[in-house]
Structure formats: C-alpha cells, structure tokens
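Chain A is fixed; fit chain B onto it per the hints.
Number of protein chains: 2
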Amino acid sequence: MTDIDFWFDFASNYSHISVMRIEREAAGRNVRVIWKPFLLGPIFKAMGWNTSPFIVHPAMGAYMWKDMERQCAKYGVPWRRPTAFPRLSVLPLRVALIGVDQPWVGDYCRQIMRRNFVDDQDIHTPKAVGAVLTDLGLPADEIIALAQSEPNKLRLRENTEAAQALGVFGAPTFFVRGEMFWGNDRLDDALDFATQGITS
Amino acid sequence: MTDIDFWFDFASNYSHISVMRIEREAAGRNVRVIWKPFLLGPIFKAMGWNTSPFIVHPAMGAYMWKDMERQCAKYGVPWRRPTAFPRLSVLPLRVALIGVDQPWVGDYCRQIMRRNFVDDQDIHTPKAVGAVLTDLGLPADEIIALAQSEPNKLRLRENTEAAQALGVFGAPTFFVRGEMFWGNDRLDDALDFATQGITS
Chain A
1 MTDIDFWFDF ASNYSHISVM RIEREAAGRN VRVIWKPFLL GPIFKAMGWN
51 TSPFIVHPAM GAYMWKDMER QCAKYGVPWR RPTAFPRLSV LPLRVALIGV
101 DQPWVGDYCR QIMRRNFVDD QDIHTPKAVG AVLTDLGLPA DEIIALAQSE
151 PNKLRLRENT EAAQALGVFG APTFFVRGEM FWGNDRLDDA LDFATQGITS
Chain B
1 MTDIDFWFDF ASNYSHISVM RIEREAAGRN VRVIWKPFLL GPIFKAMGWN
51 TSPFIVHPAM GAYMWKDMER QCAKYGVPWR RPTAFPRLSV LPLRVALIGV
101 DQPWVGDYCR QIMRRNFVDD QDIHTPKAVG AVLTDLGLPA DEIIALAQSE
151 PNKLRLRENT EAAQALGVFG APTFFVRGEM FWGNDRLDDA LDFATQGITS
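Each protein sequence line maps, in turn, to chains A and B. In this text, residue positions in the first sequence follow my numbering: the first is 1, and each later residue adds one. In this text, residue positions in the second sequence follow my numbering: the first is 1, and each later residue adds one.
Hints are computed from structural coordinates only; laboratory data are not their basis. Watch out, some of these pointers could steer you wrong.
Pairs of lysine-lysine, DSBU-like flavour, derived with a Cα cap of 35 Å [stated by the list, open to error]: (1) 45/A - 45/B; (2) 153/B - 45/A; (3) 74/A - 45/B; (4) 45/B - 127/B; (5) 45/A - 127/B; (6) 66/A - 127/B; (7) 66/B - 74/A; (8) 74/A - 74/B; (9) 153/A - 66/B.
In silico negatives: residues of chain A with every beta carbon more than 12 Å from chain B [said to hold, decoys possible]: (10) 47; (11) 52; (12) 53; (13) 64; (14) 66; (15) 71; (16) 88; (17) 103; (18) 126; (19) 151.
Remember, predicted model here, so these are calculated numbers, not experimental data. Glycine residues also receive a C-beta, built at the ideal position from the N, C-alpha and C atoms.
Isolated chain A (complex conformation) (with noise of 0.2 Å):
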C-alpha cells in the first residue's frame, strides 16, 4: 500500500473539494491517505501576501469562486459560497493534528469542512469545533484540551515549517514518494501515481 501526504488548511477552499473526496478516491485505488494540516497564513505571508491570494488580487477571487461552483458541481461536491473567507482555521487544525492517527479524522475534517463552505458558520470557536467533536460521539473537552496544550501548538507551527520547507506554497498539497502536485485539479493524477507505484 503507497501512501499519499495530505496538505491542507480549512480555510482553503480549494482543500475542501478534496477533504470531501480524497478518503472515497484513495480507497478505490488502495492508497493509505495521511492527513497533514497546516497553515497557510504564514506561507502566504512569506510570499507577500497578507491573506489569501484570493483576495490580495480580485480579478483571480471572482474568478475563483465562478470555478469553485463549477468544480464543486463537476465532482457532485456540496458547496454554498461562504459569507467570511478566509475563514480562521487555527483551532481546528490543532484538533485535526490530534486526530491524524485516529479513524475520527477523516469524517472530522468532512464536518468542519462542510460548516466553513456548505452551512457557512465560522469554524475556529471551541464551540464550533466541539460542536462537531460531540456530532461524533467524540469527548470534546478533552479533545480541545490536548489540541490547545503547548506541544500541540508547536507540532502546528512544526507542520507549517515542514511544508514550507517541501516547497508547499499553496492547499491542497499531496505528495507521493516524494513528488509533489499541487491543487485538487491534480488529486487524480498523483493517485495514479501511486497506483502506478503498486502495479508495476
């Protein structure tokens, strides 16, 4: 079984069409996905930009979220243009850096996904997050405890660097025996890429 490495951040648009496929396509090709949030802020900053892309050049955001909808459609994705992006995504991401190996995760980063751009609620409350901790029969408190606790922050902040040091400089972000494809318009093709890996 190859594994596939997983960047994203939830407020990353493009990361929530394959947050919702990612664990339905490497399951068909028998690819193992491992989950690494990170966040995109301070790789955006160390590319000059103060937020996302998206909104520093306007002409590329109305544009994107004119191919969000088409995309979202084409991949039967839900989607609803949401009202705040990008949204803050700090405390989520811890807790998905809790449940990397645990078999919550996935479902986990479905949910919080689908609040940020289907049901268009903000998503880096304790509320919010516990939220959906509890929808999944999860101990919430304690999860947000251990997310928020001192090595869990660093770990965050640890993954940040370890991206940027990859070469990651956008979400989503996948690699596969050390090649990279950025973006979920190349999900396909770095799957076949594994599956290659396994067949020959």
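For chain B alone, coordinates are given in the frame of chain A:
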C-alpha cells in the same frame, strides 16, 4: 457552431500546452477557435509583479517545471525546459494578430511555441519570426512590416486592455458564451461547455 475565445501569450508555458492541443480538441467537437493574442506583462504588472509569478515566487516556479514535464507527457505535447524564461513575445504576438483570421494562424502559433518550449530558441527577433513564417510558405517581410505598423501595435495593446477588462489574470484563458475558464486544466471543461450549448 459555438466559438471558444482563446487568450494566450507565447511567453506563457501553460499556454504552450493549450496552443498545441486546442485545434485538435476543438475540431473533434465542432467548436471554432478564436485566437486572442495578448500581453501578460501589463496584466502581471497591474497585479504587482514585474515578471512571471513563477520567477517572483521560486517555490511556485520550481513546482511548475515539474508539473510542465508531467502535464506535457500526459497530453502528448513535446516539451523541453527552456534556458530563458519568460521569453520576450511582443513581435510574435503582433504577427499572430495579423493571422487571427487567416488559415495559417494555428500552424504559426504552434511553430512559435515549438521554438520557445521545445527547441529552446528566442522568439522575439524578426529573424526568428521570419524563419517560422517562411517555413510556412508565407511572405515573411510583408507580414512582419504589417505586424510592426502603428495600427497593429495599437491593436495588441487594445487586446491586452480587453483581456484585463474581461477579468483575465493569467494565460491561457478561455471564454465560451461569456463564461471564463482559466488554465490548460480547464480547456476540456470549456470545450464541454461549448458542446453542451450545441446539443441542448
């Protein structure tokens, strides 16, 4: 028959893939290609970039060269990483404007792209452009003189302003019945959209 407007710059590497593919793909679906040469430079400048974003952001550039290799292999498009990037493209774009309603425009554009992204040669000199025109059996001196005339120079600036007014922020960009599609990754979607219009 539906039209697809194809906005491209010979300096743009992802335009290379679409220039090589578009006539073949469009013909198979009974869609007519409207060639729209324009200058990316002034549009990037308005976005705060003095050159290609792949030069401005080195991580993005490093990834792009890998992606180009994989994408060209995927689409069966010839490719060699050029030693100069982005190449000056004003003269060949002016000549493309002379050709937009001529039967030679497709062959001409593919030959210019081949020089840049396969043969690794300059494309901005009268000698370079003349060689391509002569190879196509065309009166090179006459066409280049027309291309360099003031009305035609103005026309390229007007095309560039028109692109900007339409919300174009990169190349290739396609329009079908007013719907914008950005990037070679969306060429199939744009052509499918054109075809849906015909058959529905």
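Here is what the structure says about each hint:
1. 45/A - 45/B: Roughly 20 Å between the alpha carbons, so the hint for residue 45/A and residue 45/B holds.
2. 153/B - 45/A: Violated. Residue 153/B to residue 45/A sits at ~39 Å, over the 35 Å cutoff.
3. 74/A - 45/B: holds (33 Å)
4. 45/B - 127/B: Status holds; Cα separation ~28 Å.
5. 45/A - 127/B: Answer violated: residue 45/A to residue 127/B is near 44 Å, above 35 Å.
6. 66/A - 127/B: violated (43 Å)
7. 66/B - 74/A: Since the Cα atoms of residue 66/B and residue 74/A sit roughly 26 Å apart, the hinted pair holds (cutoff 35 Å).
8. 74/A - 74/B: holds (21 Å)
9. 153/A - 66/B: holds (33 Å)
10. 47: Since the minimum Cβ distance to chain B is about 5 Å, residue 47/A lies within 12 Å and the statement is violated.
11. 52: Since the minimum Cβ distance to chain B is about 14 Å, residue 52/A lies beyond 12 Å and the statement holds.
12. 53: violated (9 Å)
13. 64: Violated, since 9 Å does not exceed 12 Å.
14. 66: At about 7 Å from chain B, residue 66/A fails to clear the 12 Å cut-off, so the statement is violated.
15. 71: violated (9 Å)
16. 88: The claim holds: residue 88/A sits with its nearest Cβ about 24 Å from chain B, beyond 12 Å.
17. 103: Label holds. Min Cβ-Cβ 32 Å, cutoff 12 Å.
18. 126: holds (34 Å)
19. 151: holds (28 Å)
Hint check: violations occur at hints 2, 5, 6, 10, 12, 13, 14, 15; the rest are consistent with the structure.
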